[in-house]
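*Asks:* Sequence:
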Amino acid sequence: MISPWMARLIGFLPERVTVYISRKILNSYVNKYANIEVKGIEHLDEIDRPIIFICNHLSNSDALVLGHVLEKEDLTFVAGMKLNDDCLTKLGMSITKTIVIKPNSADKGAISSIIKTIKKGKNILIFPEGTRSRTSSMNEGKKGVVLIQRLSRARVVPVGIWGTEKLLPINDKGMALESFHHADVVVNIGAQLDIPKKNKDEEKHEYETRIINFFMHEIAELLPEKYRGIYKF
1 MISPWMARLI GFLPERVTVY ISRKILNSYV NKYANIEVKG IEHLDEIDRP IIFICNHLSN
61 SDALVLGHVL EKEDLTFVAG MKLNDDCLTK LGMSITKTIV IKPNSADKGA ISSIIKTIKK
121 GKNILIFPEG TRSRTSSMNE GKKGVVLIQR LSRARVVPVG IWGTEKLLPI NDKGMALESF
181 HHADVVVNIG AQLDIPKKNK DEEKHEYETR IINFFMHEIA ELLPEKYRGI YKF
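Taking the UniProt record's numbering, I'd label the letters of the sequence shown as residues 1 to 233.
If you're looking for bench data, these hints aren't it; they were derived computationally from the structure.
The reader is advised that the hints may include incorrect statements.
To be verified - List time: in silico DSSO-like cross-link candidates among lysine-lysine, alpha-carbon distance up to 27 Å: (1) Lys204 <-> Lys108; (2) Lys143 <-> Lys198; (3) Lys166 <-> Lys32; (4) Lys166 <-> Lys72; (5) Lys120 <-> Lys143; (6) Lys197 <-> Lys173; (7) Lys143 <-> Lys204; (8) Lys232 <-> Lys143; (9) Lys72 <-> Lys119; (10) Lys232 <-> Lys142; (11) Lys39 <-> Lys108; (12) Lys32 <-> Lys97; (13) Lys232 <-> Lys197; (14) Lys108 <-> Lys198.
Whole structure, please, built from the sequences with the hints as guidance.
*Replies:* In structure tokens, the structure reads:
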């Protein structure tokens, strides 16, 4: 695994050089350590773009794996601001298109950027939980993705991922101390979601709660039971 001081050094290089070196290094880690199985890719054949992909979140390697699997979709990822503070994750973000959002806040600027990106026809991937699961099982989803879908009218496709929690395990002492390990990784892509409409007698917050729960249960259906957390059936 690349050391923190080396990551900082690479970060001082010109942007194009940083991106080139980072892509070479991180892609080599994924190719060396991850045995990736992809399911459901055929679901994307007949869907009009743009798409909002929604996925559970287990590891800092999730975006690397998903970017590799869904390379043709030219994804833009939505990431929490705290990721940008770490030199190693900065390298990962340098090789992916990323919109940084302030966690647990109504970040109107970031939401506006996401909507504009989608309306340009670009595909977005969001982790609705907002943070990696420390237990490998799903946590409560945040409602921001419901607003983004409503304003953009983009199609929504759920994705389940597992095995990345072993590929690049969370280190509670700091992201810079995380290292890759050999692991089997599965990416399970679901069908486009038919989003329920708001009932006439339903309050806005009630509808948003119902839809985020719908989204999260659709992700959970793509995962083995032990990963479903609070969204077990």
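*Asks:* Now look at each hint and say whether the structure bears it out.
*Replies:* Status of each hint after checking the structure:
| no. | hint | result |
| --- | --- | --- |
| 1 | Lys204 <-> Lys108 | 19 Å, holds |
| 2 | Lys143 <-> Lys198 | 15 Å, holds |
| 3 | Lys166 <-> Lys32 | 14 Å, holds |
| 4 | Lys166 <-> Lys72 | 26 Å, holds |
| 5 | Lys120 <-> Lys143 | 23 Å, holds |
| 6 | Lys197 <-> Lys173 | 44 Å, violated |
| 7 | Lys143 <-> Lys204 | 12 Å, holds |
| 8 | Lys232 <-> Lys143 | 19 Å, holds |
| 9 | Lys72 <-> Lys119 | 18 Å, holds |
| 10 | Lys232 <-> Lys142 | 17 Å, holds |
| 11 | Lys39 <-> Lys108 | 35 Å, violated |
| 12 | Lys32 <-> Lys97 | 23 Å, holds |
| 13 | Lys232 <-> Lys197 | 24 Å, holds |
| 14 | Lys108 <-> Lys198 | 24 Å, holds |
Of the numbered hints given earlier, the model fails hints 6, 11; all others are met.
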